[in-house]
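Engineer: Taken in sequence, the protein lines are chains X and Z.
Quick note on the working numbering: the first sequence kicks off at 69 and runs consecutively.
Quick note on the working numbering: the second sequence kicks off at 69 and runs consecutively.
Hints in this document: simulated from the structure, not taken from any laboratory.
Heads up, some of the hints might be wrong.
Just so you know, same-sequence chains aren't split out, so a pair can sit in one copy or run between any two.
Only pairs whose alpha carbons sit at most 30 Å apart, straight line, appear in this in silico DSS-like list of lysine-lysine [what the hints assert, rightly or not]:
#1 LYS290 - LYS185
#2 LYS71 - LYS322
#3 LYS311 - LYS300
#4 LYS322 - LYS332
#5 LYS322 - LYS384
#6 LYS384 - LYS332
There are 2 protein chains.
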Amino acid sequence: MRKDALDIFWAGVQAVEPEAAVRRYCRQEGNRLLVHQSVYDLTEFEHIYVIGAGKAGATMAKAVQETLGERITEGLINVKYGHLAEVSRVRLIEAGHPVPDEAGLEGARAILDLASKAEKGDMVLCVISGGGSALLPLPAEGLSLQDKQDTTRVLLACGATIHEVNSVRKHISRVKGGRLAQAAYPATLISLILSDVVGDDLDVIASGPTVSDSSTFQDCMKIFNKYGLFEKVPKAVLNHIQKGIEGVVPETPKPGDPVFVRTKSVIVGSNLECVVAAEIKARSLGYRTLVLSSMIEGETREVACVHAGIAKEILKSGHPLSPPACVLSGGETVVTITGQGLGGRNQEFVLAAAIGLNSQEGIVVLSAGTDGTDGPTDAAGAVADSQTIQRAQALRLSPVDYLLNNDAYHFFEKLGDLVKTGPTNTNVMDLRIMLVA
Amino acid sequence: MRKDALDIFWAGVQAVEPEAAVRRYCRQEGNRLLVHQSVYDLTEFEHIYVIGAGKAGATMAKAVQETLGERITEGLINVKYGHLAEVSRVRLIEAGHPVPDEAGLEGARAILDLASKAEKGDMVLCVISGGGSALLPLPAEGLSLQDKQDTTRVLLACGATIHEVNSVRKHISRVKGGRLAQAAYPATLISLILSDVVGDDLDVIASGPTVSDSSTFQDCMKIFNKYGLFEKVPKAVLNHIQKGIEGVVPETPKPGDPVFVRTKSVIVGSNLECVVAAEIKARSLGYRTLVLSSMIEGETREVACVHAGIAKEILKSGHPLSPPACVLSGGETVVTITGQGLGGRNQEFVLAAAIGLNSQEGIVVLSAGTDGTDGPTDAAGAVADSQTIQRAQALRLSPVDYLLNNDAYHFFEKLGDLVKTGPTNTNVMDLRIMLVA
Chain X
69 MRKDALDIFW AGVQAVEPEA AVRRYCRQEG NRLLVHQSVY DLTEFEHIYV IGAGKAGATM
129 AKAVQETLGE RITEGLINVK YGHLAEVSRV RLIEAGHPVP DEAGLEGARA ILDLASKAEK
189 GDMVLCVISG GGSALLPLPA EGLSLQDKQD TTRVLLACGA TIHEVNSVRK HISRVKGGRL
249 AQAAYPATLI SLILSDVVGD DLDVIASGPT VSDSSTFQDC MKIFNKYGLF EKVPKAVLNH
309 IQKGIEGVVP ETPKPGDPVF VRTKSVIVGS NLECVVAAEI KARSLGYRTL VLSSMIEGET
369 REVACVHAGI AKEILKSGHP LSPPACVLSG GETVVTITGQ GLGGRNQEFV LAAAIGLNSQ
429 EGIVVLSAGT DGTDGPTDAA GAVADSQTIQ RAQALRLSPV DYLLNNDAYH FFEKLGDLVK
489 TGPTNTNVMD LRIMLVA
Chain Z
69 MRKDALDIFW AGVQAVEPEA AVRRYCRQEG NRLLVHQSVY DLTEFEHIYV IGAGKAGATM
129 AKAVQETLGE RITEGLINVK YGHLAEVSRV RLIEAGHPVP DEAGLEGARA ILDLASKAEK
189 GDMVLCVISG GGSALLPLPA EGLSLQDKQD TTRVLLACGA TIHEVNSVRK HISRVKGGRL
249 AQAAYPATLI SLILSDVVGD DLDVIASGPT VSDSSTFQDC MKIFNKYGLF EKVPKAVLNH
309 IQKGIEGVVP ETPKPGDPVF VRTKSVIVGS NLECVVAAEI KARSLGYRTL VLSSMIEGET
369 REVACVHAGI AKEILKSGHP LSPPACVLSG GETVVTITGQ GLGGRNQEFV LAAAIGLNSQ
429 EGIVVLSAGT DGTDGPTDAA GAVADSQTIQ RAQALRLSPV DYLLNNDAYH FFEKLGDLVK
489 TGPTNTNVMD LRIMLVA
């Protein structure tokens, strides 16, 4: 069953591997380019530019190049240091992540210039993936990278919602909140997006550079007012927002704005696709399956508690389905750190689930990050079964103490139950697998 | 849909109403008494005694009396003050709950005496329901009620698990941990149990007065040692445990003990039965249904977050089932109180779910205690839909502030969305209903 769980995990990850994901949604047939449900006549386009940013940028570019080959005029994509692939017609610019740096800034400026160069008879193909926000850092005119970072920090510290943080970020950027689409207009703009956010909202992924933004400069000022940030936000940022309200700086493009007439955005990979691919694999292995949700959020150990409750009910009464059962869920939980240990949300999930299941026979729990990493560790996650707690006790490890210390890594390391995959070159958040037989 | 949610809730509660629950599992046909899958020839029993304790004791007694009528020789049941019903052949003794009192102690002694009076050709019918532990307080010889209470308090304060607390409580009681079965032996002993604990473990409900106990006096000493309680536990309790280890005080009866040869325990009502009855009702109203689990535990607002994630996925992709959908869950969550407000876990669940769903259309969430109460309030729970957050904002109520202050009662009171049922005379923990259309 442990092997089954790993096989199911890999089936999920393979389905959202960037090359496979791009090829599934974007392919050339003769002179036609098929992008999801749209068809583009390639003879109508003079230039095709490939731009974008994100941790999966290199492999996405590779898939695009294999599709369009010689038709690509020029390309520029910001990627994370070391996240490269063999591409000849697209230039990869290595940049800082998660902290943006000058290389990213230079790259972003070049990418914006390339988009601006595109004209009506041109096509701009934009590939976006996780990390695209930090990897495409271009502050609005008159603002520095430091101004942007200070603003984000102040907002996060005051308890603003992620929606509020994003509204402000979009209004102090030259690419986010649809600004990149503004630059590409009037060219045809196609965005291929690998989603790393819960719910796959297009205006949230990489702060929505190619889609409309419904927030306003006025909203930003209200947010500063609501949290009393007038003294804390950099002066230059306040001035910029004020100029926006006065109409001196133009608004981000709103829904229905003409810049979006020739744009198309396609999510080529998402957590749900990963979960569903895992489900298909589980079925082929003989399990009854239940996809709980790809949008699971919340405090990790409590989410684990709910999962344990479901597994126990399966064994007790055959609800919501009878064994052999595979329950799958995805999304991204949080860990409120109170201890000094080492771990990640996936490892903590498995530890808390193992405690909640209390050595109940016939259950295997695996949780891992689809990008192959989990917190600041070299593991992607962990796997546990009914023997885990007993084996820990035999080694005189207290599962509860390890959990309270947020030290799941060392717990599972001692048991040999870490899941290590190495980088997978994709990222659609986490995949959790519970097998009950 | 709000009306549907309420109808589904009531269908669940009615299925575990004590009279209905007892009658479903225990009925007389001529000279035969049918108890679940067993048949008893009533001509073989000289006396039939009815004993027990719990908040539903009166209504359970009424059902037993309607079944056995004149055949009941004598009966004694400890019930909570005011929780009465019309019964003539069983005497109801009102006692303190949740804090045990002298009346409960007197009653427990009389009940133990009645059980002891039963002989081989007699039947003892024991009805147990929520609150049965506090309502049947009889400390072991040489110990006072105060000793027992002090011990429990010390154990809870030191962080002992509920399993450890129960092990000790069973060893300082004259009724818990199978002691009541010891007293009834060699009579035939039938226990009809309405479960108010997650998982329905017989040795946990009311501390298992009629079933075997696998913990030992030695275990109790280990627990005291583990948490360093030798100075904190009352001297009399330590002495009693020590006498048990030395064999001066007899152990609780273990699995396989001869006292259990003529015993039978039947769970006549449980959270799962309530959830499944609610499911049947939901189906009859046209919903596709999913019973998530009757064993959901964890921090309430995080559990709500998981439920919200499931509802969002139903709307987005039709997983785990497509609308119109009804997701049901039961069990008992906890609330870590950090605010000063008024509420209960059900009201807090609904508030947190409403926040997580963020005004998404087509969703109704209801959560309520099956006993008709929720925390220290006069409501059983609350109900919310996609308008809830907007209506709150129109009234200038901040949902998040109310949640942070654990003040769900006042939030829903102002919106008119509390669910008030009055006492239902049953208790199988909570029922949560999510409708997605």
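Engineer: Determine for every hint whether it applies to the structure shown.
Structural biologist: Checked hints:
1. Taking CA atoms no more than 30 Å apart as the test, LYS290 paired with LYS185 passes in neither setting, with 36 Å inside one copy and 77 Å between copies.
2. Neither within a single protomer nor between protomers do LYS71 and LYS322 lie at most 30 Å apart by alpha-carbon distance, with minima of 49 Å and 39 Å respectively.
3. For the homomeric pair LYS311 and LYS300, the shortest alpha-carbon distance inside one copy (18 Å) is at most 30 Å, but the shortest distance between copies (68 Å) is not.
4. In this homomeric assembly, LYS322 and LYS332 come within 30 Å of each other (Cα to Cα) only inside a single copy, at 15 Å, whereas the closest approach across copies is 70 Å.
5. Only between protomers do LYS322 and LYS384 lie at most 30 Å apart by alpha-carbon distance; the minimum there is 24 Å, versus 53 Å within a single protomer.
6. Proximity of LYS384 and LYS332 under a CA criterion of 30 Å is satisfied inter-copy only: 20 Å between copies versus 48 Å inside one chain copy.
In terms of the numbered hints stated before, the structure departs from hints 1, 2, listed from lowest to highest.
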